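Chains R and U, in that order, give the protein sequences. Here the working numbering is used: the first residue of the first sequence is 430, the next is one more, and so on. Here the working numbering is used: the first residue of the second sequence is 430, the next is one more, and so on.
It should be emphasised that the hints constitute simulated quantities derived from the structure, not laboratory data. Any given hint might turn out to be false.
Given that identical chains are not distinguished, each listed pair holds provided it fits within a single copy or across any two copies.
[To be verified] Straight-line C-alpha distance at most 20 Å; calculated SDA-like pairs for lysine to any residue:
no., residue 1, residue 2
1, Lys-858, Gly-527
2, Lys-719, Asp-508
3, Lys-606, Arg-464
4, Lys-598, Asp-701
5, Lys-585, Thr-538
6, Lys-719, Phe-503
7, Lys-869, Leu-888
8, Lys-855, Ala-451
9, Lys-526, Thr-762
10, Lys-584, Glu-435
This structure is a prediction, so every number in the text was calculated from the model and none was measured.
What follows is each chain in one-letter form.
2 protein chains.
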Amino acid sequence: MFETAELGRTLDKARYERRVPALRTELLALQERAREARLPVHILINGVDGAGKGETVNLLHEWMDPRYLSAQAFGPCSDEERSRPAWWRYWRALAPKGRIGIYFGNWYTEPIVGRALRHLSREGFEAQLTRIASVERALVDDGALIIKLWFHLSKKAQKDAYRALLASKRTRWRVTKDDQRNQRRYDRFREVSERAVRETSTGYAPWSIIEAGDERYRNVAVGETIAAALRERLDHPPPARLSAEQRPPPTDGRTILDTVKLSAKVPARRYDKRLERLQGRLHAAFDELKRERRSVIAVFEGWDAAGKGGAVRRVTAALDARDYRVIPIAAPTDEERAQHYLWRFWRHLPGAGRMTVYDRSWYGRVLVERVESFAREDEWQRAYNEINDFEAQLVEHGTVLAKFWLHIDQTEQLRRFKERERTAFKKFKITEEDYRNRAKAGRYVHAVHDMIERTSTDLAPWHLVAATDKRFARLDVLEHLCARIEQAL
Amino acid sequence: MFETAELGRTLDKARYERRVPALRTELLALQERAREARLPVHILINGVDGAGKGETVNLLHEWMDPRYLSAQAFGPCSDEERSRPAWWRYWRALAPKGRIGIYFGNWYTEPIVGRALRHLSREGFEAQLTRIASVERALVDDGALIIKLWFHLSKKAQKDAYRALLASKRTRWRVTKDDQRNQRRYDRFREVSERAVRETSTGYAPWSIIEAGDERYRNVAVGETIAAALRERLDHPPPARLSAEQRPPPTDGRTILDTVKLSAKVPARRYDKRLERLQGRLHAAFDELKRERRSVIAVFEGWDAAGKGGAVRRVTAALDARDYRVIPIAAPTDEERAQHYLWRFWRHLPGAGRMTVYDRSWYGRVLVERVESFAREDEWQRAYNEINDFEAQLVEHGTVLAKFWLHIDQTEQLRRFKERERTAFKKFKITEEDYRNRAKAGRYVHAVHDMIERTSTDLAPWHLVAATDKRFARLDVLEHLCARIEQAL
Chain R
430 MFETAELGRT LDKARYERRV PALRTELLAL QERAREARLP VHILINGVDG
480 AGKGETVNLL HEWMDPRYLS AQAFGPCSDE ERSRPAWWRY WRALAPKGRI
530 GIYFGNWYTE PIVGRALRHL SREGFEAQLT RIASVERALV DDGALIIKLW
580 FHLSKKAQKD AYRALLASKR TRWRVTKDDQ RNQRRYDRFR EVSERAVRET
630 STGYAPWSII EAGDERYRNV AVGETIAAAL RERLDHPPPA RLSAEQRPPP
680 TDGRTILDTV KLSAKVPARR YDKRLERLQG RLHAAFDELK RERRSVIAVF
730 EGWDAAGKGG AVRRVTAALD ARDYRVIPIA APTDEERAQH YLWRFWRHLP
780 GAGRMTVYDR SWYGRVLVER VESFAREDEW QRAYNEINDF EAQLVEHGTV
830 LAKFWLHIDQ TEQLRRFKER ERTAFKKFKI TEEDYRNRAK AGRYVHAVHD
880 MIERTSTDLA PWHLVAATDK RFARLDVLEH LCARIEQAL
Chain U
430 MFETAELGRT LDKARYERRV PALRTELLAL QERAREARLP VHILINGVDG
480 AGKGETVNLL HEWMDPRYLS AQAFGPCSDE ERSRPAWWRY WRALAPKGRI
530 GIYFGNWYTE PIVGRALRHL SREGFEAQLT RIASVERALV DDGALIIKLW
580 FHLSKKAQKD AYRALLASKR TRWRVTKDDQ RNQRRYDRFR EVSERAVRET
630 STGYAPWSII EAGDERYRNV AVGETIAAAL RERLDHPPPA RLSAEQRPPP
680 TDGRTILDTV KLSAKVPARR YDKRLERLQG RLHAAFDELK RERRSVIAVF
730 EGWDAAGKGG AVRRVTAALD ARDYRVIPIA APTDEERAQH YLWRFWRHLP
780 GAGRMTVYDR SWYGRVLVER VESFAREDEW QRAYNEINDF EAQLVEHGTV
830 LAKFWLHIDQ TEQLRRFKER ERTAFKKFKI TEEDYRNRAK AGRYVHAVHD
880 MIERTSTDLA PWHLVAATDK RFARLDVLEH LCARIEQAL
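Same shape as in the complex, but just chain R (with noise of 0.2 Å):
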């Protein structure tokens, strides 16, 4: 597929300088636009070593407005990149809305080396191209731009371009041993480099090859394909999706919660002692999994005053304060809000040896978003696989991945909101709000049967809780919570 960019295109000086101008200012002009449109631009550069494309982001820079422009560049990963998700990096890099990120050494960059100096099995790299082509698609799904160009040169063009470059003392440095090496490699490059192409070339963010011999009509070319797939979607922005009905509750109504036994409780003299024994058991496993350098990641929702703080209180009291962060999940932050639902969660993910529990999570989106219409159909519905994929990862990678729902009926809520509201110190837990979301629990009860039906997975399934009797669901809870860290050790 590369031929095409083997033609050996030139632009001559006069024309450069002639089509550059014009170039230059519609350039300026669709970046304030995607700047006003709060467009989010991901331009990803990748090719052939030797064709420019260092040169080509400085050039970027100096046509574009350099203030809302950031280049990305990532080397080897940092001991916090590696102690998380291999993704985590690049979500930590990814421009915000209105703003364009130019990523070089990007996520095509370790797949496609790994597999051309055969580090990585074909499987491998055919995953890593599957888990692009989804990250791709959560992110054009959510309303993102993404700008791919490949720079390419023939075999002998990239010997040319090495040879010219290390005529000169002052250039020489920008040959280094590693791309003499890989240069020797070039067909295996090649190949590699033409399948993940051909396979990540998707219709929402499709690939452009550019001809990369000659610096003016590469410049050109680089300036003319943004300009392009700017121009595109600011004139042609993707249609509004209408939010559908949503969907009947299931016709008998019986919903996955019915299956919960509200009944279970734990007689008050055999509580202190379980809970002491769980804690002693969880730092254990804990431990275990810290030497180990891996993470644990605890999900908990549950209706309102379900007791999520008490139980997550008795995880954290077995743990050293070291070792633990409680993210509470509020509204977003204005810097949250200018990226992709899952960036703010993204961001608190455990390193080596650390848990993170999420006082409500990222299942916000299939929940709260989708019953008060925060969130349109299309994108809670399309949520569910970019919540298993999100979740696929982080259990990749080694991190323990627990998930408490705790239910209680209607009845025990109201009985725990009017208690609360009598114990001066809880009356802050109580608000209006609360009880408008009561109001709507058939919804509720709803989403929560979907999003356990598409969301409790083999790799992270849910555990539901029966969270009328506290002591009964805080046991229940560490229990779980152990049993999970013990199977993945």
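Using the hints provided, position chain U relative to the given structure of chain R.
Only chain U this time, still in chain R's reference frame:
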């Protein structure tokens, strides 16, 4: 001084249970008020091992609203942390306005442990305490409340505490080998700690010493100390300081900018070759610095249209785009606004082998914020010291710091504004604000003069660049940057 916390104070169960509910109610109410007042609260937890610091942090999570509380513990440095100045890890962890951050294993830990174990000289220890005092001062000046709790146990009480923990299988893990080793050095730790506590117990951030032998007494003492500090600060906010008159300009009207020889120029025919040579030299120097795993910060300030952008691009063109980031300083995000003004510069500090170019910088505090009265006089006046201290930390870490003021006169500036307005793709650079700023040129000159007078230090001198001739300015910037790096090697 710790004898006052060896009185064997205890609290019986009945009194504890009578006092706690009211204390929790008050803590919650105060936390809510702090949130409304957007007060940043930093609670430091330090003291003797085995004194229940971790348990207390858990307890605070139970007593207060955990959604606006965040506990931070600092273990060994990650490589991202190690490759930046020591305080970077603390700045990145600081709680924003309206939240309470609880820090243990914090900035006191390293100097105290280091000195007690003799890894740190007396001078190094003193220097760290001085640094701590000045950072805490800056945070408090910016409106933060710092509550410092020192948990004390007598030698015997520590021994008893360890013995009790070791007696049970379930709690044995709490006593580590390090704890046991440090226990043998109790006296040494005590002496060093006393010194640290005494020297950093300032009016703006005093220590409270908590007798920690009895759990109930300790819990109530911690709760009441925090409540008292919050109450005091919320009931008596520091008086809003009046903005004093701007100082009159130097009497003869001459400023440091008058020393810049604006007529300096480089003939066009010599430019290309000299540019290339300097870029090669910069590349080589930076490469050597990279090998030493050090970093560079280049700060560009100057008049609008003085050519900062063009100079920056001549610098970055000499580097591999992987190695640098340009951070254009515009309006802060809300996460940035919720922090001390230096926070948003700390977050972008380069790691080992990287360069960060700040296109405008922290000097905005003493330039635009001063001239436009965005900062009160006391705020920008103290900023000189805060900035010098910040930069000293960079340089001590081994970062090469180069600061440029690009100077042109008013006539040249007007000429450039007009020229930009005629060039379509540069039009975006000129806004009404630029003309408004021009009208305030006199006040800016004065601010620049003061800035250079107070922040051009041996460690971090300003370099004034005659920028009438763009070629001269670009070469001069490159030359100076090369020299700075070469000197540091």
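Tested hints:
1. Only between protomers do Lys-858 and Gly-527 lie at most 20 Å apart by alpha-carbon distance; the minimum there is 18 Å, versus 37 Å within a single protomer.
2. In this homomeric assembly, Lys-719 and Asp-508 come within 20 Å of each other (Cα to Cα) both inside a single copy, at 15 Å, and across copies, at 19 Å.
3. In this homomeric assembly, Lys-606 and Arg-464 never come within 20 Å of each other (Cα to Cα): the closest approach is 40 Å inside a single copy and 56 Å across copies.
4. Within a single copy, Lys-598 and Asp-701 get their C-alpha atoms only as close as 75 Å, which misses the 20 Å cut-off; across copies the closest is 16 Å, which meets it.
5. In this assembly of identical chains, Lys-585 and Thr-538 lie within 20 Å of each other by CA distance neither inside one copy nor across copies; the values are 22 Å within and 59 Å between.
6. With identical chains, the CA atoms of Lys-719 and Phe-503 are at most 20 Å apart between copies only, with a shortest distance of 16 Å across copies and 27 Å within one.
7. In this assembly of identical chains, Lys-869 and Leu-888 lie within 20 Å of each other by CA distance neither inside one copy nor across copies; the values are 31 Å within and 63 Å between.
8. Only between protomers do Lys-855 and Ala-451 lie at most 20 Å apart by alpha-carbon distance; the minimum there is 12 Å, versus 64 Å within a single protomer.
9. In this assembly of identical chains, the alpha carbons of Lys-526 and Thr-762 lie at most 20 Å apart whether taken from the same copy (13 Å) or from different copies (13 Å).
10. Taking the closest pair of Cα atoms, Lys-584 and Glu-435 come within 20 Å of each other only inside a single copy of the chain (10 Å); across copies the shortest separation is 79 Å, beyond that limit.
Comparing the model with each numbered hint stated earlier shows that hints 3, 5 and 7 do not hold.
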